[in-house]
Structure formats: structure tokens, C-alpha cells
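Protein sequences, first through last, are from chains A and B. So for the first sequence, the working numbering puts the first residue at 5; every next one is plus one. So for the second sequence, the working numbering puts the first residue at 944; every next one is plus one.
Calculated from the structure, these hints are not laboratory results. It is possible that some hints are incorrect.
Facing chain A, a subset of chain B residues (Cβ under 7 Å, in silico) [stated by the list, open to error]:
#1 Ala1116
#2 Phe1117
#3 Ala1120
#4 Trp1122
#5 Ser1123
#6 Met1124
#7 Gly1125
#8 Ala1126
#9 Val1135
#10 Asn1139
#11 Gly1143
Computed from a predicted structure; not experimentally measured. The C-beta atom is built at its ideal place from N, Cα and C for all residues, glycine as well.
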Amino acid sequence: MVASETRTKVLEVDNLSISYGAKTAMSGLNLDVYENEIFGIIGPANSGKTSFLRAINRMDAFDTNMKVSGSLRFMGTEVSAWRNAYALRRQIGVVFPLPVGLPMSIYDNVAFAAKLRGVKGKAAIDEVVERCLTRAALWDEVKDRLDSLGSQLSGGQQQRLTIARALSQEPTLLMLDEFSIAVDPVTTMRIEDVLKELKKEMTILLVTNLVQQAERLADRTALFLSGSLIEIGETGALFEGQTQDQRTKDYLEGRFG
Amino acid sequence: MTARFAATELNLSNYRTERRYRLMLFSMTAMLVLPVLIILGILVLKGAPMISWEFLFEFPRRGMTEGGIYPALLGTIFIVVVDLIFAMPIGVAAAIYLSEYAPDNWLTRTINLAIINLAGVPSIVHALFGVGAFVIFFGFGTSILAAALTVAIMTLPLVIVATRESLQAVPQAFREACWSMGASRWQTIFAVVLPNAISGILTGLILEVSRTAGETAPIMFTGAAFFLPFLPESVFEQTMALSLHLYVVSTQVPEVPEALPYGVALVLIGIVLIMNAISIVFRSYLRGKKKW
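Turn these sequences into a full structure, and let the hints guide you.
What follows is the structure, encoded as C-alpha cells:
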């Protein structure tokens, strides 16, 4: 990495630990995420990937069981020091593994974040809805039925709806948590193309259980294993076998277990 | 070759056992229908001839052996309405707190225990509490207000439990999606949780109405009168009520025609059934609109 130190750091993580009661989900995590990169996180189940995402947008505020310690800075400010946690979350779009179309109309699904942000007037909100649905490659399929329920779309459409919804927050950081788990391969490819475009405007944190997806999309990739970071590297280099740790090599080659 | 696919003795005995248990469980379940049919059948058979415009909208006459049930019918409606005014907001608010805000600690556990115990207190004990608290201590006297408050306290657990269950039936993923967009708990509740729990909340309220209309013990010491020749003019006055009236004409008044108590009972159960029907229609309408 040539000039990485001069690039803006969106996330700076220093000795981050996360636990749920007596169970430790993540310990001693150190990593930085730079502006306009796709940062891939791979690893098997229970490796702490989702917990990491939840710590970033401070979901621990809604889960009394979840304890976060260490330092986690977003745009240079400690997330726990953001006085307005709601404003923090508005800057971070999240796409969940299973598409969560809120049980409201397609239009309202996308308009919701804009309304939370204080956008007023039908024309302004219409504009947000159309722009975000278009960028999520869904506009053409739903433009004639914006009033029907978001939860009645197909799985792949719903996942694009949630991406449109995340985009309507105009996020600085977009976090995708295994977004393709319930999506067919064709839709997955369409979403991946969308993500490559979005990279120009925002930073993307891509948690994926598909090693090839990380290879296709991520600029840098990190491997998490049972709550600790094993290795971070340039995705290309990692997949060419330039790994520091044998476990990374094994995982990338699918020889793990 | 065929022998391999033929049922063995063990298969056959398994099959017989299966059939026996299914039949037994089904007949137990079917037995539930029987009392309902018998009660409704007798009530309709004996009470239906009594039902008329005059019966519903006239005062009782000749020591309640003739005439209608108007003051009792109206009194029951008054008590239900006043009861709802108190029980609905308190019950729904408590359920929202318990489902959406309450942390899992000793206080929450104590509250939950209190609710369960409140539901288990016999109605006559509630009646005595109502006399002590509302009639005497707060000085409401025997009145609609005191009766309705007593029933409200008695039926609160019903509203709270039904509402809490329906709130918790809304998938957690909806809340998390909403929170992650920067919505507060209240915004999430208002935009996503309540609209999807409304049919369950409604069920709780209907149950509440049915219970309130039917209760006798808690109101007979606190606000329901044996007989009144006039209608109450404010909530601080006594009223007649259908449930107590049924008790009175069945056991306390001599020479009541046999059909009269059946008529009263039919009206009482009719109110409950109509409320249930309304809630079913309303719920299926709402369910058609909201789906996930």
C-alpha cells in the first residue's frame, strides 16, 4: 500500500473488545478503514464479524448484554463520544443478511430515513426515493407500484430495497453483512456492480462468507477467526498467496476445519 | 422382493397407536365445543322470545317482573366505557414499556410478577379493594366511577399481557433495521412496531370489554344498584348493570317469568359476541393491509 497513510481514515479501531455477558465475541481488534475503499471481512460463523459491525453503529445501546471496550473512532471521533448516537447511525447505512423490508410501502421504506433526517416536502422526498431506488438497480422494477408493501417483493428485490434504504441515509459508511445470503446469483452480481459504483462516493465495509466475493470486490481483506483478527492485506496479494499466516492461506483455499 | 416393502408388525402397531392418540386428543378438543353449543342453544331457545324493542329500551316494571332492561343495558355500557378510558391507556403504555424499554433486571421481574398476581386475585377480593380504595378512601361513593376503576384494575393484566405479546410478535429484525437508520426507540415503536401489533392490541381490548361487561362481584359493592327508577346523570352516581340484573332477576325477585333471566343473559352474551365479531372483522381487515 503506497499512500495509505495520507488517505482519510473512516474507521480507526484500536484494541477493540466486545462481549455478551461472559461470552467474548471479539478481542483486541486493531484495524483502519480508509475512505472510498471496499474493506472485506471474511471468516466463519461466530468469528465476530457481525459484532464488529454492531459496535460501529453502537447497537450496544439497545442490547444491555453487549459490552464494548477499547477505542473505535468513526471520522476521527470516538463512537461512544458522539453525543447524538442517532446522528452517528444516520451516517452509517446497514444491509442485513436476510432482507428486512419494513412492513410499509416501498416508497415509505426509502422515504423513512429522509424523513428522520428532516427532509420536508413531497417533491424533495420523491427525488430521494427515485434516486436511491435507481442507484440500487430497483427503480425500473418497482416504479409503477411504489405503494405496495416492501415486504412483498421477492428476496432479491427486497435486498436491493434495503440497499436503496441504506443509500437514502446518504451514508459516509455502508456496511453490508453477508448481503447475498438470501439472494440469487444474478441479483448478487447486479448488487456487486452497484457496490463498485458506490465506492466512488462512500466507504464500504463488506462482511461476506463468500471468499470469492471478497476477491471480486474488496480492496483490502481481513480474516476474522473466533473473535480475533488473523490477518489484513491487499486482497490481490492475499489471493496470490502472499499471506503472513498459514490459517489465512488455508481459509482462502477452502481447506479449513 | 415384495416382503421388503410390506408393513411389519411393528409398523402396524405404531400406526394403530398413532390413530388411537390422535382420536383421543381430537375428542378432548371437540368436547370444548359442546358447552358453548349447549349454553348458546338454551339461551337462544329460551331467551330469544323475550328480545324486542321494548325489552331493550324500557325500564323494568312491577318489581322487575315486567318491562325492559334499558337502565341495566345502558349502565353496563357506561361502566365499560369508563373502564376503557382508564384501562386502555395505562395497559397499553405499560405493555409498551415492558416490551420495548424495560431492561431485564429485578424491577422488571417484580413488575411482571405483580401483573401475574394481579390476574390471579379473585374478583371478590378486587371488590373489597375497590370499596376500600375508591368508594371510601377517594370518596367516589358507590358510583359508576368507583365500579369502573375497580374493574379496570382487575382487567389491566389482560390488556397488558395481550398487548405485550402482540408487540413481541413483531420481528426484532424490523426494530434493528429501524434503529440502524438512526431512529430512536419511540420513532421505531411508532413507525414499525405499533402498526404491526395493532390487531393483537385490539384483541386484548375486546377481551377487556367482554370481561368488564360480564363481571358482577367487583361492581356490586362499588357502583351497581339493585334497582333504580332513573338513569344516572354523572359518573358519580350508581347505575344498574346487566350482570347484576341477571343475578337479581334470577335469584332475588319472586314471580319473575322464566324467560326473563334468559333474555337478560342473551343480551349480555350478545354484547360480548358482537364485540368479538367486530374485532375479528377488523383484524382480518388490518391483516390484509399489513403483511411480512
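Against the structure, the hints:
{"no.": "1", "hint": "Ala1116", "in the structure": "holds (5 Å)"}
{"no.": "2", "hint": "Phe1117", "in the structure": "holds (6 Å)"}
{"no.": "3", "hint": "Ala1120", "in the structure": "holds (4 Å)"}
{"no.": "4", "hint": "Trp1122", "in the structure": "holds (6 Å)"}
{"no.": "5", "hint": "Ser1123", "in the structure": "holds (4 Å)"}
{"no.": "6", "hint": "Met1124", "in the structure": "holds (5 Å)"}
{"no.": "7", "hint": "Gly1125", "in the structure": "holds (4 Å)"}
{"no.": "8", "hint": "Ala1126", "in the structure": "holds (6 Å)"}
{"no.": "9", "hint": "Val1135", "in the structure": "holds (6 Å)"}
{"no.": "10", "hint": "Asn1139", "in the structure": "holds (6 Å)"}
{"no.": "11", "hint": "Gly1143", "in the structure": "violated (14 Å)"}
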